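Student: One-letter residues, chain by chain:
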Amino acid sequence: MSVMKITARRLIATTSVAALAASVVLVGGMNSASAATAKPVTGGTLNYYTHAEQFPNLDPQRIYTGRDIAFLSSYLMRTLVSYKPVPGKDGATLVADMATNTGVPSNKAKTWKFTLRPGVSWEDGKPVTCADVKYGWSRTFATDVYVEGPAYPIAWLDIPKDKDGSSAYKGPYKKTGQALFDKSINCSADNRTITFNLARTVPDFNYYLTYLAGGPVPKAKDTGDKYDLRPMASGPYMIKKYAINDEMVLVRNPKWKKSSDPIRTPYPDDIVVTFGMDEDVRDQIDLEDQIPNGINMDGLQPSNNVAFFEDPTKKNRRMNNYDPYTSYLAANNSAGHLDCLDVRKAVFFAFDNQSLIDLSGGTTYYGEMGDNPVKPVIGMDYAPTKGNIHDPNFKIGGNPEYAKTLLEKAKTSCPDAYDRATNPAKGLKYYRADTATNKKAAVLVEAALKKAGFVIETVYKPSGTYNANLETYKKETDFLSSGWGADWANASTVIPELWGDGCCNYTQNQKTPEYAPFIKKVNLALVELDRKKQAKMWQELSQYGMDQYWYIRTVFGKSQQTWGSKIGGVYYWEPQGSFGFGQIYIKP
Amino acid sequence: MLTFVARRLAYTIILLAIVSLTIFFIFDLIPVDPARLVCSKQCTPSLVEANRHRLGLDVSVLEQWWRFIVGLFAGRTFGEEGIAITCAAPALGYSFSRHECVTTIVAEAFPFTLSLALGAFVLWLSVGISLGVLSARKKGKFADRAASVFVLVGTSLPTFITGILVVLFIVLQFNLVNPLELGNWHNPFTEPLGWLQTFFFPCATLALAYAATYTRFTRSNVIETSSEDFIRTARAKGLTEKVILRKHTLRAALAPIVTIAGLDFAGLLGGAIITEGIFGLNGLGRLSIKAVTQTYDLPIIVATTLIASAFVLIMNLIVDIAYAFIDPRVRTS
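Protein chains in written order, with my numbering: chain R, 1 to 588; chain U, 1001 to 1333.
What the hints contain is simulated information worked out from the structure, not anything from laboratory work. All figures in this text were calculated on a predicted structure; none of them were measured in a lab. It is possible that part of the hints are untrue.
Distance condition first, Cα-Cα at most 20 angstroms in a straight line; then the derived SDA-like pairs of lysine to any residue [stated by the list, open to error]:
| # | chain 1 | residue 1 | chain 2 | residue 2 |
| --- | --- | --- | --- | --- |
| 1 | U | Lys1041 | R | Gly165 |
| 2 | R | Lys226 | U | Thr1086 |
| 3 | R | Lys226 | U | Gly1075 |
| 4 | U | Lys1041 | R | Asp501 |
| 5 | R | Lys226 | U | Cys1039 |
| 6 | R | Lys219 | U | Glu1080 |
| 7 | R | Lys174 | R | Ile159 |
| 8 | R | Lys241 | U | Ala1107 |
| 9 | R | Lys175 | U | Gly1079 |
| 10 | R | Lys174 | U | Gly1079 |
| 11 | R | Lys219 | U | Ile1085 |
| 12 | R | Lys174 | U | Glu1080 |
| 13 | R | Lys241 | U | Glu1181 |
| 14 | R | Lys226 | U | Ala1084 |
| 15 | R | Lys241 | U | Asn1184 |
| 16 | R | Lys240 | U | Glu1108 |
| 17 | R | Lys175 | U | Glu1080 |
| 18 | R | Lys314 | U | Gln1173 |
| 19 | R | Lys226 | U | His1053 |
| 20 | R | Lys174 | U | Glu1049 |
Pulled from the structure, derived: some chain U residues nowhere near chain R, Cβ distances all over 12 angstroms [what the hints assert, rightly or not]:
| # | residue |
| --- | --- |
| 21 | Val1005 |
| 22 | Leu1016 |
| 23 | Leu1021 |
| 24 | Trp1066 |
| 25 | Leu1134 |
| 26 | Ala1143 |
| 27 | Ala1234 |
| 28 | Leu1250 |
| 29 | Pro1256 |
| 30 | Ala1261 |
| 31 | Leu1263 |
DEER-style ranges, computed between Cβ atoms [as the list claims (entries may be wrong)]:
| # | chain 1 | residue 1 | chain 2 | residue 2 | range |
| --- | --- | --- | --- | --- | --- |
| 32 | U | Ala1088 | R | Asn191 | 38 to 48 angstroms |
| 33 | R | Thr435 | U | Glu1080 | 30 to 40 angstroms |
| 34 | U | Val1048 | R | Val443 | 29 to 39 angstroms |
Glycine included, C-beta positions come from ideal geometry on N, C-alpha and C.
If we strip away everything but chain U, and leave its shape as in the complex, we get (with noise of 0.2 angstroms):
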């Protein structure tokens, strides 16, 4: 078993490092040059040179990759002769538009998009699969059909409509939250309604289009599962509903679903970018898509594409760990 998990451990780490050269390549590769696009009009390429050296792009793409990788463990230091400034490892990198240390920068990052994906994870599970259960149990009936009209409303709108629409017409139109203070952080321990006022209403407008997928999967496996023959002899043997629902269906209809989700949590843990830039929330996701489309700030682009890599991968790996302990063919195989 030890084996299995440092040899899965270590394709891991092969494919972030293979994950963050590919960045750099493609980085290197789009028709834009960052070390113009903050120059003054009196650029001149003598200028441009100096902006481009100070930013670390006078050097090839792998000497760039390695210095990165080395920053990782070993710490780096940007500028020179007298304004050099470090970022202690890990260093991700320091980003130039921002005046910080990359690291820094997604630490302050991450609680907003932790916040947003674990209450919108809770919310569309519990919302996701008691819909789901109850509209399998009621097949056929006006609460499967109401069901089925929430998974048709949730699966056909976009994000980015229902985040405007809770924003204008129930966010800002109820005065819920001050519009100047949508998206302020709140520490959900010493300020939980706070926290609350914050992140509902983005939880929710993301957990809408993820529960009613998750309500239709939990639904068909549901009803699949309870015509299996084991549900059967269960039913024969003279167990009630609830208890057949309780410790036979469900354990087995959701193990699919529980996977899925992990893996689907583990994606928005890279970022919510739709519903973080509708609601104001400075996540990862944010960050992320305003570094490659407004600053092209490679080092925060690395940063967050490398994080939200590693949050499937290390995913990808708990779930084959799980697995092996369920299924010793896995381990072996």
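Okay, chain R solo, but in the shape it has when bound (with noise of 0.2 angstroms):
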């Protein structure tokens, strides 16, 4: 597939503002540190910092985030399919890692088949075994142990659910319909086949095989709690130590061989990884290029980007690219809220998202104006949707007086909505979590909307529990800030979680007549095998989305990191928003 493919979904926090812009930037990045064209450096020690105490997980079960993943499973540990490791948009295309393919699909891609290569081993050169990845799988269902972890085999492996949604496998511990999970994966008499019965099609199966949560893990060596601090390798590298807030040392792995890996390129001797490193002391590292063989895991503090990446001697040592994210707005169609087109689109003309922008950064460090929840990066599932920030309308400064046409014919398509909107006795109410940039945000949404008409209050809630309560908030608001990733290249890990029935719709469109026709569609977009075709239904269902403004405000966020001067071989992994760790070297 020759489409950019994004990976590692998190909700994030809704601090983030959105704006508009007068134009979408749509390439996938820009200023990035293109691949190393001189020849790779084997040997040295390849230092890493960040600010963060631990890595939020080890266990392969347990990771989610893009960037541990990429770091993960460039050095530590392998899954049966992976990226491609290069930069630009054939990163995203999948190739064969522990596999001899990226999976054979059958019965309607209900079926998935994989064998694995010979030679690939743990680290106590013991082979992995289709057993291990089987008992890798069987962890995802111990939810009284694993809950950071993604959870797509419980949804997808044809194993029946309790009454209450949840499987009815408990998982490898306590066993209860172990026989349940045992029929839903096979392995062959020699272990090295692996098959995985679905309960559906899922044309899009094997990439969620480039996650560790659909890796290996040999039974024998499972500590439960502790695996997390304590992974077995089955990459080049192996752990020799691990300690929180302190330092991660990765050694070579003496039983990794070349042979068996085609994608790995594993150049120096030993990688560390420092912990708890102060903020201030960081960007100090990079600003003086006080490690020469460090890279800066955690991006800079937005206050030293400028003096960073406006300073030219520093081009060999910086990226900035478009993230995997995109942060939204979403209106409440729901009855007495936002249930009102017109209401809608008169919120989002109004909005001043300049200044919201520059609040947060800017268009160079923060984001640019969206105009869709699939960001271009996803390849093939975006096209640029027609309306919103392309509207002739729309002024990124905010369109006040075109809002209020819009109000104006809101007070006949539909009073009760209008009414609530501008009646200084109701308002729009608007939930943010209580933050001091929230403040000042607020403080920008209040007077632009008010110049257009509107009557809005901003409720605080506590931060703390803002995301936690979020099913409750939504309810309650007439719009709500929120941000997604996508896991993989394909919108069915965007539009069908965000609009449809999946875990994080904030519209409330489940109510609407509007919705019908367009649940009917995501649920044969997300069985569709013809890929071409099912990148169209996406194309078309963001479009109604859009044109139905469930979206009030889309962003398409951006991220910067930076290194030393002795690193080479540095690039931006797409699929990953983030380093691609394997191919880095210590430059002589």
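Since each chain sits alone in its own frame, please combine them into the complex, following the hints.
Tutor: Written as structure tokens, this is what we have:
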């Protein structure tokens, strides 16, 4: 597939302030460091440093973030299928990793078969087997132990559900429903071929296998909760030391064989990750190039971006790209809220997005106005939508006059909604997490909407529980901010989740008359085996939702990375939204 | 005397129990749900409940607290069905974010905090008292004015400013410490130079503010004591100024300072959050602040708060006992 792909979905905090832009930059990256043309050098110690106290998780079944998947799959753990480790669009191409190919679907993609390469082994020399992969998958079902990782296996494998919607299989520790699980994944007699039996057609099943959660774990080495501290290595490095708040040291895995691994190029002899570095100290190190063989894993603090990114002497030590995330403002379409298209449109055109983007770091570092919940870096599922930011009446600084005409129209098309939006005794409610940034943004939002004739009140909710309470808030507020990143380069991990019956539909659109034809098409798109046809369907569905103004603002976010002067081979691995860690080397 | 000590010890234990119970209640009140925090986006209500059970938060606050108290004396087992984890007594809990018994985590963090507190204590006492005495002796002269400037700077610059300045413009600028080794632990007995490299600057940073305050205390106490009748008598007896200072003035002037120093030291043993953070020291302060602001790790919050409280209470106990020895009226009252 010649499309760019994204992975690493994570709900991002709603502190982000979205914006509108005069034009959308529809490219996957900018100012991105290109892959080194010089010949890579083997040897040396590669340093990473981060403000974080630890990796959120090392247990494969617990890992969900793109950067960590990229790091750990490049060095430590292999997966059945991987992304091609190259910059640009090609980086999203699936390649076989531990498996001999990227999977063989049959039975309308309800059955997927993979065969393990010979010579793939654990760090103790034992071969990686089908039973290990099956055991790894079984751990996802132990939801009383593992709650952090992706749960696709529970949704997809052909295992009955209990009345409460949970799987009848309760994982390898409780063993309840073990026979059901055993039927859903079969191993061949030689323990090398694995067959997944799914409950429904999943055309993009093999993309999930780029996740470490879809990889193997040797049952004999499973230490339950503590496996998160010392997972077994199948990649070119293994853990010598991992001390939270201190450092992680990776050394070469003597049992790893290049002949069994067509992907990885382990250049450094050792890799050291230093945790808990003060953010000011970390940024100073970058600015002064004090660790030439080091890489900042976090990015700089926004206040230091200008000093680094506008200094021409540092141009070979930085990159600035679109990250995998789209920030959005979801309109509550349910009755008694923004249940009127004209009112939603009026809100959209009234927003002063320029000020909001500037508040968050500007278009260079924060992001640019989007026209879609699907981000351009997702590839073929993205197409520019019509209307919204492409409407001639759209102004990035807000168009209160046009918004007023839309409100005037709403007076007759939907008088109740108009009354709620403009009556000083009623007014719109906007729930935000109680943070300093949000308070500044709220002033801008309120000023812009009031200029167009709206009555609006920002309701601040405790930031610590804001995300946890979104399910409650979405029923009360008139619009709600959040963010999203696709799990892989298929809008199947975006549109059904955000606008369909997935986890994070904050639009409340299910109760509107427009929803029935929409969800019908979503369900057809999910099982469409013709990828081009499927992409077209996602594009149409994006347009449909944007025409309904289910989202009244989207922003395509950006992220920045920096490193030392002796680092070579750096590139932006688009599907993971992160460094392509596996090709980095130390210059002599 | 024994009764007095026993009574004070009993009060201390009761106070610690109340502190621990209060922490559990406060934690229950804060608007954060730890069970949801680590849950992925596919988090269902049943998954949250399962996680709450795993974290031990599915029972009443009193029950949680009682389990904690029992664990202190009998140890505790966390998790079930083949993947249980046991923490031996005194079990302060199990951290599911660090995958380790809290007692072990605290034991690893304490040497950092002790080193920092002890080093800073020695520095601030020696600098603060010396400067204070010098300042008092040279009242109104250049040395006194210079000491006043030091006091002004030390008390007006917060630690988070001096710490950052020391790291950025001294430690890193002059390559005195490899930035990647900032905060690395070295055993002071086997690697004294390494220990010094790690702890000298944080101790100096932390000591600066205290030393300034102690300079002022000492100066005013020495000046005040010097005008007492017994000093005039000593001088009239023909004793030299050095002997008067050493044998009479300092003994009287430093007594209250030593008491305050003991309590300040006890407070620092609970962790110096800012200094530990800036210099990358994995002490109790840093441990507790991360547990509060990032992971909402109740067992760690309880343990670090309890330890900090215990140090203060124990130091108070020691001071009370010492006072009781010095002044019998305290015992009877």
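Student: Enumerate the violated hints, using their earlier numbering and listing them in ascending order.
Tutor: none
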